[in-house]
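There are 2 protein chains.
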Amino acid sequence: MNANIKWLREKMKMLDMQGAIISNPINIRYLTGIIAEGLLLITRKENIYLTDGRYTETVNSTLTIDDEIIVHEFSDFSIDEYENFFLFCENVGFEGDYVTYNGYKDFMQRYKINSLQEMERVIEKQRMIKDIEEIDKITKACEITDKCFTHLLDFIKVGKTEKEIALEIERFFKLNGADGVSFDPIVASGKNSSKPHAVPTDKKVELGDVITIDMGCKYQGYCSDMTRTIFVGYIPEQVKDVYDLVLKNQLQTEEELKEGANVKTLTKMVQGSFELNGYNLIHSLGHGVGLEIHEYPYLSSKNDFTLKDKMVVTNEPGIYIPDRFGVRIEDTVLITKNGCIKLTKSDKNYIIVDEQ
Amino acid sequence: MNANIKWLREKMKMLDMQGAIISNPINIRYLTGIIAEGLLLITRKENIYLTDGRYTETVNSTLTIDDEIIVHEFSDFSIDEYENFFLFCENVGFEGDYVTYNGYKDFMQRYKINSLQEMERVIEKQRMIKDIEEIDKITKACEITDKCFTHLLDFIKVGKTEKEIALEIERFFKLNGADGVSFDPIVASGKNSSKPHAVPTDKKVELGDVITIDMGCKYQGYCSDMTRTIFVGYIPEQVKDVYDLVLKNQLQTEEELKEGANVKTLTKMVQGSFELNGYNLIHSLGHGVGLEIHEYPYLSSKNDFTLKDKMVVTNEPGIYIPDRFGVRIEDTVLITKNGCIKLTKSDKNYIIVDEQ
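Chains A and B, in that order, give the protein sequences. Numbered according to the numbering used here, the first sequence terminates at residue 356, and the numbering increases by one at each position without gaps. Numbered according to the numbering used here, the second sequence terminates at residue 712, and the numbering increases by one at each position without gaps.
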């Protein structure tokens, strides 16, 4: 049986669950490698993947005999057979954040389950710790992201629009080995950079603009996430101080990120430094990265959580001055026992792109 | 009060619901114009949109006084105030296909509701009938799609890859007034065209290829959907017969599409014609188009449903010969009392693109 399913079966034993229905497609991909629409049933005797005719071929080609997962189509079973899947199971786990109310009702009826038990995101929590293959894929996604950034420094000129730059990011990722973007790129120039979640507009890049570029790609399903704030032609004096403060905090956080670090303390450290200088940290300091662009753990001042070896998180302090400008600097890093390893490696010193 | 919310309140009266919680963001956009993350509460006295600080400004700028919707942040209310929203409401509607099991539990607890009642997609069903503004937006999305197709006929050459063509479609849409694509474009050349849901690959276009291009964009939230199958350099003889048969059925369906037409009958007509010639219709004949690319009604042989004036649907018969080639021709059309109006208007006769 594959290691992740073995882990899940152990966990279920601890939770007194004799069966489980896994619905979240990301969790199914994590546990089995399968990329399709369907359900994973963990029953007393077997691991069963239920899907429809469109996916059977792909799913079978993904699995090996070592996975010990049997593939069936939904239509393979009679009403009676469905009711037998969880026979003699007192508690059957399900994912209350992924199953709709109607889906839940349907489970109850179809499988005739006595007690469906919410699984409280046990798989999402397990996904925080990455194995070597996962780390390799995230590293690859980060490498492509760094290459894209280098390419952009040539591409960006006065007169290009934010939308054109965002499209170039998507194009570069798809043509350089990535599955695609891990989220819609943010390209925010001039005043627009003051909005942390700016959407690219038709605004043209101008001399003296700061540009915040927040982008990431997926490689074999695994995400990268990086932000750089760059300058066009020259560095406006008032931006310099803010840039220096953000970078100082980003580097200090980098120093502290390691197994045993508490994310609440880290976030409060940055918050404190910003406040001392008259600014605020208006979003979280970072988040986990993996099969999803935002996943556990969340680095915020409300989360009393301690980092562990082999977690992958972002480190992304930012300062936003309404209607003027914003600066954010972000890396994706791997937590280890002795410190963190930067997976995105693009330059964080002042970067000035030529005006033409 | 805006017309859509007035309609919903009437409908709720008929369903004996004194309140409702609307969660599906597409339904909220349909009812209010709001594009954000939040909940619409229809209470005895008021219509309340609940959101968080990130969206308050945008939401308030979307609404007018005539909408009669009050905007609040989730944090504005105390536990007691939440419990008072649905006081004296016997039945409160909710969307069982959009609320997760955990969300449902949360509703029960937070609002102290006696009886939460599943709404059985009443809003989705109402969305089938489009008003003039909606038709205008879909028409605009279809116009941009037609323009993109004309552009592609110049762009496509022997040696271009499927991925490059798909990227060009996305680029064209974004630079020509669309919000973006309404779904990932399908560009399937040669053998790949035999898969109805092919994903663009690095395969280069070759002389003698058929290319199936299935694409659509969004304009102010509303979708378009069009497929054309074109030829590179010349038309292979064996493809011609299949093309003619698909086109004949697409045009016959076009003739029949009007208020009063039964979609089961229409689908069986095409199925019959394909079978007579030794082929099969392996997917549905079409689907509704609006704020979502696939919505009610579904044109399939299992759906005994009669079309009405002002519905917008696709007409997309296709034939797929495994490992050889496929042909699909699709338009988005508006149903009227006397017939249908084609909203996508690109040429459906043989189209041969130059090899270079």
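A couple of the hints might just be wrong.
Within a straight-line C-alpha distance of at most 16 Å, the following computed EDC-like cross-link-like pairs (lysine to aspartate or glutamate) qualify [to be verified]: (1) A:K163 to B:D703; (2) B:K461 to A:E120; (3) B:K693 to B:E611; (4) B:K559 to B:E393; (5) B:K519 to A:E120.
What the simulated footprint calls covered on chain B by chain A, stretch by stretch (three residues with Cβ under 8 Å from a Cβ of chain A suffice, anywhere in the stretch; the number is not a length) [what the hints assert, rightly or not]: (6) 458-472; (7) 526-535; (8) 598-607.
Hint data in this document are derived by calculation from the structure and do not stem from the laboratory. For glycine and all other residues, C-beta sits at the position ideal for the given N, C-alpha and C.
Here's how the hints hold up against the structure:
1. A:K163 to B:D703: Not OK: A:K163 and B:D703 at ~31 Å, beyond 16 Å, violated.
2. B:K461 to A:E120: Holds, at roughly 14 Å.
3. B:K693 to B:E611: The hint holds at about 13 Å.
4. B:K559 to B:E393: Violated. B:K559 to B:E393 sits at ~40 Å, over the 16 Å cutoff.
5. B:K519 to A:E120: 40 Å, violated
6. 458-472: Satisfied; 4 residues make the cut.
7. 526-535: holds (count 4)
8. 598-607: violated (count 0)
Hint violations for this structure: numbers 1, 4, 5, 8, all remaining hints satisfied.
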